[in-house]
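Keeping the supplied structure of chain E fixed, place chain F upon it in accordance with the hints.
Top line first, the protein sequences correspond to chains E and F.
Note that the first sequence covers residues 161 to 320 in the numbering used here.
Note that the second sequence covers residues 52 to 233 in the numbering used here.
Treat the hints as calculated values from the structure; they're not laboratory data.
Backbone N, C-alpha and C fix where the C-beta goes; we use that ideal spot for every residue, glycine too.
Residues on chain F that point at chain E, a partial pick, calculated with CB under 7 Å: (1) Asp89; (2) Thr96; (3) Cys103; (4) Pro105; (5) Gly111; (6) Leu119; (7) Ile120; (8) Arg124.
Simulated restraints on C-beta separations: (9) F/Ser79 <-> E/Ala316: 32 to 40 Å; (10) E/Arg266 <-> F/Arg222: 51 to 59 Å; (11) F/Asp93 <-> E/Asp203: 21 to 29 Å; (12) F/His203 <-> E/Asp280: 52 to 60 Å; (13) E/Ser201 <-> F/His203: 46 to 54 Å; (14) E/Arg266 <-> F/Glu202: 48 to 56 Å; (15) E/Ser201 <-> F/Ser79: 31 to 39 Å; (16) F/Gly210 <-> E/Val233: 46 to 54 Å; (17) E/Pro245 <-> F/Asn125: 32 to 40 Å; (18) F/Asp93 <-> E/Thr234: 16 to 24 Å.
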Amino acid sequence: MNDHTGGAAWPVAELDPVRRLRVLAAATPGTTYGELVIDASVDEVWTVATDLERQMPLLINDIRSFTVTSSDVTGRPVEALARSPFGLRARFDIVHREQSCVMQSRFLVGGLAATAEGHDVTRFGFFGGLRIPGVRLVDRVFHPFLHHGAVERFAAQFRP
Amino acid sequence: MTTVTPTSPAPPPTTTARRDDLGPLVRSAQRGDRLATDQLLDRLTPYVARLCGPIALADGPDATQEALIAVFRNLRQLKEPAALFGWVRAIAVREAVRVARAAARDLPAELADVPASGDPQLAADVQDVLARLSPHHRAVLVLRDLEGLDEHAVSALLGVPEPTVRTRLFRARRRFRKEWEA
Numbered sequence: 161m162n163d164h165t166g167g168a169a170w171p172v173a174e175l176d177p178v179r180r181l182r183v184l185a186a187a188t189p190g191t192t193y194g195e196l197v198i199d200a201s202v203d204e205v206w207t208v209a210t211d212l213e214r215q216m217p218l219l220i221n222d223i224r225s226f227t228v229t230s231s232d233v234t235g236r237p238v239e240a241l242a243r244s245p246f247g248l249r250a251r252f253d254i255v256h257r258e259q260s261c262v263m264q265s266r267f268l269v270g271g272l273a274a275t276a277e278g279h280d281v282t283r284f285g286f287f288g289g290l291r292i293p294g295v296r297l298v299d300r301v302f303h304p305f306l307h308h309g310a311v312e313r314f315a316a317q318f319r320p
Numbered sequence: 052m053t054t055v056t057p058t059s060p061a062p063p064p065t066t067t068a069r070r071d072d073l074g075p076l077v078r079s080a081q082r083g084d085r086l087a088t089d090q091l092l093d094r095l096t097p098y099v100a101r102l103c104g105p106i107a108l109a110d111g112p113d114a115t116q117e118a119l120i121a122v123f124r125n126l127r128q129l130k131e132p133a134a135l136f137g138w139v140r141a142i143a144v145r146e147a148v149r150v151a152r153a154a155a156r157d158l159p160a161e162l163a164d165v166p167a168s169g170d171p172q173l174a175a176d177v178q179d180v181l182a183r184l185s186p187h188h189r190a191v192l193v194l195r196d197l198e199g200l201d202e203h204a205v206s207a208l209l210g211v212p213e214p215t216v217r218t219r220l221f222r223a224r225r226r227f228r229k230e231w232e233a
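Pulled out of the complex, with its shape left as it was, chain F reads as follows:
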């Protein structure tokens, strides 16, 4: 299935949720307990899907799958379970950008028609407007506006200088406003 379903904006995992003691579960999964892996997968999937959806759009399911594969294949490298969500976020954004860029190369250019203004289907509009942005711009927008990270954190996570983050964010927001108000 390769669908992306618009839903109400899911809140980011709360501080409480992030502080949930996932340590024992992570350690069991690291030791090869597949039922623990299964349970941890349940805990991480909504978060990864929420990050991959706006960046990879129609390829969100592929990006989510690839991000989770990368997470669980490398889980043994996670030394500190308390850092789990930050570590997962970095992998999810990287995979979402990679999958979206690969998919974009296969798309015909004429797909980028702007939807009519006043379309009542706001959720669909958000996807359409996001589709006008590059995967890198979407990643910056998601990390700043959906995840609430500051520019320094976004810069570190994406591996680009802070001025580049500021430029991408400025352009993404300007583009978003322009398309949204068109």
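One chain only, chain E, in its complex shape:
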């Protein structure tokens, strides 16, 4: 290596949790992505967001209930059982990272993330959708059905 910087630092870019979620959403056909800015601290937003039993039915229209069935040693859910309005059940695996969370069942996938944008200002992102073969072809048909207005419903919880 021929370093002209005298050993000083080369700049390294950062990928915050919301940008990271955009990558996952863009790479997942059959899903839609939404994000908005909320007037609350990232800790407040993330505490609400990770109450998955309350938030998942709010974010995804096709989920009536979301019950955590297993958690890790820190208490974060790693497995859950979702029920659709028609009684169908789906087991979700959940992976947590710093202010982000991704989950998938056999047929559904979803993720959420939050990044501080300033003092008591947070950018929140969510994506969700189908995970089935050929979903690219029916993409547009299913989007509104899955989580129309999801982030708006989420953000409404922080308004007085």
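What follows is chain F alone, placed relative to chain E:
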């Protein structure tokens, strides 16, 4: 967030790290397993961020995001998982140059003031000096001096003739030395 944080120079992925068997993870992600995609994203992000930072500078986060989107949207096209890092490198450099060039068109020319010599903040200086170079010159410098590729590999990756690589490298290094020693 659109920041670029100067850090100690991260070593390139070692031979061992590159030889890590990412094959099963890549194949799971190609089949649509989003938890595998999530895990693979974790493995690739530091490498892509290290390439995009010096080329796209303040737009490094945008470039990193765009490069990773391109990587994961096209992952099914990767036939041989062993070629993953070389394939990712080509995409990351191309996206970093594209994002940096697009951003440069929006910048006022007077931003290119040379920092005072002897500035103790070396990390900031590196960014300032890099900012004096065009995105193409930065890409050549990064591939040769940070990634350690030879001119033939750089030429193939950037799709330009070897003499052009040599010229860009010569000019980039000369410019770098000049600004650095000013």
